[in-house]
Amino acid sequence: MTARRGRHAARGLRTALLVVAAVALAVLPAEVPAEYGDVVLNKRSEKAGVLPVVFPHWFHRIRFRCKVCHSELGFKMRAGANDVLMASIIDGKFCGMCHNGQIAWGAEQCDLCHSGKRGVKSGIYGSHETRGPGKW
Amino acid sequence: MMKDRRRSVPRIARRAMTAGLALALGLAHAQIAPVTGWAPLAGDGLHDPKGPAIGLLQEPAAALSVLPPDTAGNKVGWTRALDGGFIKPRSTIDPGLTVNLRTTEVLLKRTGEMPMVRFPHRQHTVWLDCVNCHNGMFEMRAGASKINMFLILQGEKCGVCHGAVAFPLTECQRCHSVARGSPEAAAFGKGLVRE
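These protein sequences, in sequence, are chains A and B. For reference, each letter of the first sequence is one residue, going 0 to 135 in numbering that gives the first Met the number 0. For reference, each letter of the second sequence is one residue, going 0 to 194 in numbering that gives the first Met the number 0.
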């Protein structure tokens, strides 16, 4: 009787573990399915009361070669290495070189760039193959 | 006996339910995080799914599914997209600016047991300017730069882009493409650079 009860308890535990594993698999995504090369800028955004910025490399490279932003505009090729301030953008620097209402939407369209989820950390995202530099 | 049989039926049912639940949740998970294709912005884990930008911003699938396919990264053959005229990205904002292009190829021989690396300037300079790599990351003179996979895997040297925005480091053979003693290796002669 006791042995049988023990077996039942073990099965119950197994079932419970299976359910927990299934729930964990569903609720916690293995990794963020962001697009390869997406960059989140949140060094200042949330502290300043706005949502983080999501910069999609894929969208921009369809329209501009890397050299436009990384040579002509002066963006350093390391996520987090650039101090991008709204004052500079409005002044026509960094994103503001194009996001001026002429080449691309202007700085008054806050929500289109400040479109990130609350709490998303700065950095480069989106690689299910490599998870980006330094994350192997 | 009777007691056991009565218990065994719900046990099977319980297991079936567990399996069903796992399957249903697994499918739900697959919808949240698709293994293939491009995740919608609202489900990419970065964008605020209730934000006003969703619906206004272009979806990755809309833009990328029509470009030459690839198996890694954005699943787009970016240089094929450029060479084939599928995309026409601007080279400058200031039309007066000089656009630097180069076509020489550099052979990197010290690759251990891996095939040697052929670095093509053309595919790099259609996207990038000389100053993006020279002289900070790489010396101008072929063979003068210290490059190894430890640095690359840490996001230095080639790894500044490869593994972040350019094809990822899983694609070994795309760089390590020149077998020792092959006609392609012979084309470099004794040098490290060829036109």
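To be clear, the hints were calculated from the coordinates, so they are not data collected in a lab. Don't take every hint at face value.
Stated by the list, open to error - No farther apart than 25 Å at their CA atoms in a straight line, the calculated lysine-lysine pairs in the DSS-like style are these:
# : chain 1 : residue 1 : chain 2 : residue 2
1 : A       : 120       : A       : 46
2 : B       : 49        : A       : 75
3 : A       : 46        : A       : 92
4 : A       : 46        : B       : 49
5 : B       : 145       : A       : 75
Tested hints:
1. Proposed proximity of residue 120/A and residue 46/A is supported: the alpha carbons are some 12 Å apart, at most 25 Å.
2. Distance hint between residue 49/B and residue 75/A is unfulfilled; the C-alpha atoms sit about 32 Å from each other, more than 25 Å.
3. For a cut-off of 25 Å, the pair hint linking residue 46/A to residue 92/A stands: about 22 Å separates their Cα positions.
4. As the CA atoms of residue 46/A and residue 49/B are separated by approximately 21 Å, the hinted pair is consistent with the 25 Å bound.
5. Taking the CA atoms of residue 145/B and residue 75/A, the gap is near 21 Å; set against the 25 Å cutoff, the hint holds.
Hint violations for this structure: number 2 only, all remaining hints satisfied.
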